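Here the working numbering is used: position 159 in the sequence shown is 159, and no number is missing along the way.
I should point out that these hints are in silico values taken from the structure, not numbers from a laboratory. Be aware that a few hints might be false.
[As the list claims (entries may be wrong)] Heads up, simulated EDC-like pairs for lysine to aspartate or glutamate below, C-alpha to C-alpha not over 16 Å straight-line:
1. Lys225 - Glu196
2. Lys242 - Glu208
3. Lys242 - Asp182
4. Lys231 - Glu175
5. Lys225 - Asp182
6. Lys36 - Glu86
7. Lys151 - Asp118
8. Lys242 - Asp213
Predicted, not measured: the structure shown is a model, and the values here were computed from it.
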Amino acid sequence: MRFKPLLVAALGFNVLYCQALLPEQKQKVDDAVPAKAVAKPRRPRRMLVSNLVMRDGHPWRGSSYDTNPTANYAIGEMGKRTGAYEAVFSDDIEMFRPDRIKEFDAVCFLNTGGVLFDDPELRRSLLAFVAGGKGFVGIHDAIATFVQYPKYDQWPPFGQMLGATENGGHPWDGEVMTVQVDDPASPLNAVFHGSEFQIADQAFQFQEPTLRDHFHVLLSIDVEKTGFSPKHRILPVRMADKNFPVTWIRAYGKGRVFYSSLGHGAPVFWNARLLQHFLAGIQYALGDLKADSTPSAKLPAPK
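Kindly generate the complete structure, drawing on both the sequences and the hints.
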């Protein structure tokens with residue numbers, strides 16, 4: 001993951017509104033946001049959303065920084081218009097203290113990156129929050145959180161909770177990728193009607209040897225149709241299995257995790273089908289949308 005310096009001093013500094021959303025971008029998002037929730041919320045929901053990126057203990061400007069105004073607006077408006085949740089935006093790490101995080105139903109790491117905090121209480125609090133029955137939503141760079149080159153697993157329990165650890169950068173970086181629907185029956189994939197689609201965005205690859213043992217794959221890259229070669233610098237383990245999940249869900253204790261690697265570029269957040277997919281994933285993490293989270297490797301082979 002690449003970083004650019006961000007000249008802010010305090011860990012609690014909120015970088016979410018440092019950039020203005022262009023009117024034409026706002027209109028595109030407005031036209032794409034779903035009109036209604038995928039599932040009826042069982043009660044009012046609140047989701048904490050963070051864009052914080054850290055490097056060497058200091059706030060940093062991550063590679064997806066320019067996308068964040070669009071992403072934040074889309075996530076905020078999607079909750080507001082559908083009534084599915086209230087998004088609360090903050091980059092203050094104190095929000096992860098046990099007495100603060102308990103006010104939320106889910107946490108969303110929206111293009112976060114780097115080692116956000118070393119404080120043992122904050123780390124225990126985040127994992128306990130999810131394991132205790134709440135939700136975690138990760139979008140794009142979230143998989144590169146608690147990661148800093150050259151050590152890709154600065155906090156292994158976070159990767160275990162999320163389901164994988166980013167390693168090796170981006171085999172496809174803005175190229176058009178063909179994305180296949182791995183589970184057409186999942187309510188999170190209903191918007192795709194079982195059909196593959198193409199998108200130009202940034203892909204991640206993951207270091208774990210058996211990815212599908214850890215989570216339920218919803219979408220993945222069709223490498224044969226997308227194409228790959230030595231220039232893509234694919235890890236040996238991924239060259240062997242050609243396994244590049246894009247979106248997945250998993251159970252963590254009593255809680256629920258939704259992750260999508262899409263979201264590096266702003267057009268992702270005015271893509272109506274992807275916003276519907278994200279909304280379904282968020283509602284799954286919140287506990288309002290039921291879905292099978294059985295790890296893909298444990299599912300019966302398709303007939």
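Verification of the hints:
no.	hint	in the structure
1	Lys225 - Glu196	11 Å, holds
2	Lys242 - Glu208	13 Å, holds
3	Lys242 - Asp182	14 Å, holds
4	Lys231 - Glu175	13 Å, holds
5	Lys225 - Asp182	15 Å, holds
6	Lys36 - Glu86	14 Å, holds
7	Lys151 - Asp118	15 Å, holds
8	Lys242 - Asp213	15 Å, holds
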